[in-house]
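Trainee: These are the residues of each chain, in order.
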Amino acid sequence: MIEEANRDGELLSRCRAGDQEGFRELVEQHHERVYRVAFALLGNDGDAQEVEQEAFVKAWRSLDGFRGDASIGTWLTRIAMNAARDHLRRRRARGVWHRLLELRVGAQSSDGGLDGLAERERIQQAVRRLSPPLRDAIVLRYSAQLSTREIAAALGCPEGTVKSRINAGLAKLRDTLEAESTIPDQPPHSKEVRL
Amino acid sequence: MSTTGSTDALDQLLTDALSPGRIPTAAGTWSAVERSLMVRRQHTGRRALLRVALVVGVLFLAGAATAVAGSADVRDYLSGRATMRGGQIKDGKVASLYPMPSFHVFQPGRLPEGYRLVALGQRPEPIALGPIALPRPDDVMALGRIEGEDVPPEVVQHALARAEHHLDTTAGSVLALVYVAGTLQTLELVEQSAGNRRLPGGSPVQIRGIPATVSQRDGRTVIAWIEQGTLVQLHATAGQSDAMRIAEGTQVSALAPFDTTVLDREPRGANPESVALSERVESVDRPSVSREQITERCGIWDPNLYAEDRSPTEASRQAFCVAQAALGRPASEIGGWATSRPTWGELAARLRLDLRIGPPSTTRVWSVQMELPQSRSAYVVVLDAATGEPYLTIRLRPGS
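Sequences listed follow chains D and Y, in order. Sequential numbering of the first sequence, starting at 1, is according to the working numbering. Sequential numbering of the second sequence, starting at 1001, is according to the working numbering.
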């Protein structure tokens, strides 16, 4: 942890001094997390890449405003979440062109890991219908794959709140998806949710 | 299905459904971010205008609402006109400029055989707003067509580069005129208020009996002199004797006041050599370019650029980039381009197109007109001003 903080501090100093090479290192270290957050909130590769890029540009422009009260990763997560929300707002005004594009990209991104695009889309839709606090917690857990502590830092709330939001989100999702028979019947063994 | 029993399955389902199929590579991400940072840097840099006029004639830029303010300078600033450029080129000479330079402008009395004015760069005087002086953006423009003939794109690019070079290497307000013969022979006049400036170093010579210096820089002959309060520097690929003759032949030009109301109007009439756009429309298509391709090439569309910079100029460049991407033709084929920012209703009326093929009529759009000399064709690309979405590509017949 201390090592990470030191590394973050050193990188930040270089970036603030205008060292673009330092910023490249920062991007390379955190791009996966930022992309995952964006993808989870937007649901397609094209938008996620655009928001990922936008988030890093915003980060570069607001380096001086980063107070260091969270890790760089957490700070970038917040920026990515805000950028994704802005993107969603803009997307609503974009009309048919965007929707067609989204469908096409969605089709391309189907990887066959689930039964198909429709099932994957149904689960994503169910997540998007959650209230924002529950959705954000679920998304950060399952898409960005952040720990409870990291989610708490990103959302600015206690870890206990994160746990309860994830449990509540899972319960709602279970209700929705069970009604559509998405969850397989009778898993081979029981297991507690790891939070 | 038991609640605890389904948790593991739900975990897996969510992980599968919410995880991206693939993660972009770090190198790819950085490449996109770096490109975007470069675009932003250009937006905030002092270079704020680069455009290629389609023809000799009135040079125009988009209009702006008239603001009410006490002084003309403040009014210009508030209205956005402070960042606008205008002017007229007649018979190969600058006849008027907006803003008017604060110094006398010298131009060749008679150009050597084969030379023609191709590019112009200007950094106007800053605007005095109370105790502060607000710099106006630099302006670099080139002529894509001269006297009915297309200027080869490589000549346009070379002339633009030379004009930009002079703005980059000259402090203070400056005017750079670039004349080109063939492809690489240039004659460049760089002029600014003499003020307290001294002649650059070099061998002493005289121009019209006025002390001058001559030197060699970057493979060019450079002659400098101060006349009527203007420091004039002539950079020529020609040898010293030819350059001296050209310098001797320069004259002060009495520039006419520029009618700035043209800046508030649609650019109709700005192209005296062409027929009406509506008569040039040949076909209308919908672009097939994806947003990913556009972002890859031009960075993220910034809808606020037009307002943030109080200048349509960088926004014009952004629109031009997207239009190029929508057109899918190499940049080298594009000889000249110009932009305007009407509503779709206004543009459809100008082009006599069916309103229904575009967005709602009140939607603000960018109209980017590009001339492709090699194929003797031209296009208008229509973009949504808010999103950068390319709506239409309209192929035009040759204009002259």
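If you're looking for bench data, these hints aren't it; they were derived computationally from the structure. Here the structure is a predicted model, which means the values were calculated and not measured. Keep in mind that a hint or two might mislead.
[What the hints assert, rightly or not] To give a feel for the contact side, a few chain Y residues facing chain D, derived at Cβ under 7 Å: (1) Leu1018; (2) Ala1026; (3) Val1033; (4) Leu1167; (5) Gln1216.
We treat Cβ as the ideally placed atom computed from N, Cα and C, and that holds for glycine.
Trainee: Hint compliance check: list the failing hint numbers for this structure, sorted ascending.
Mentor: Of the numbered hints, 4, 5 do not hold.
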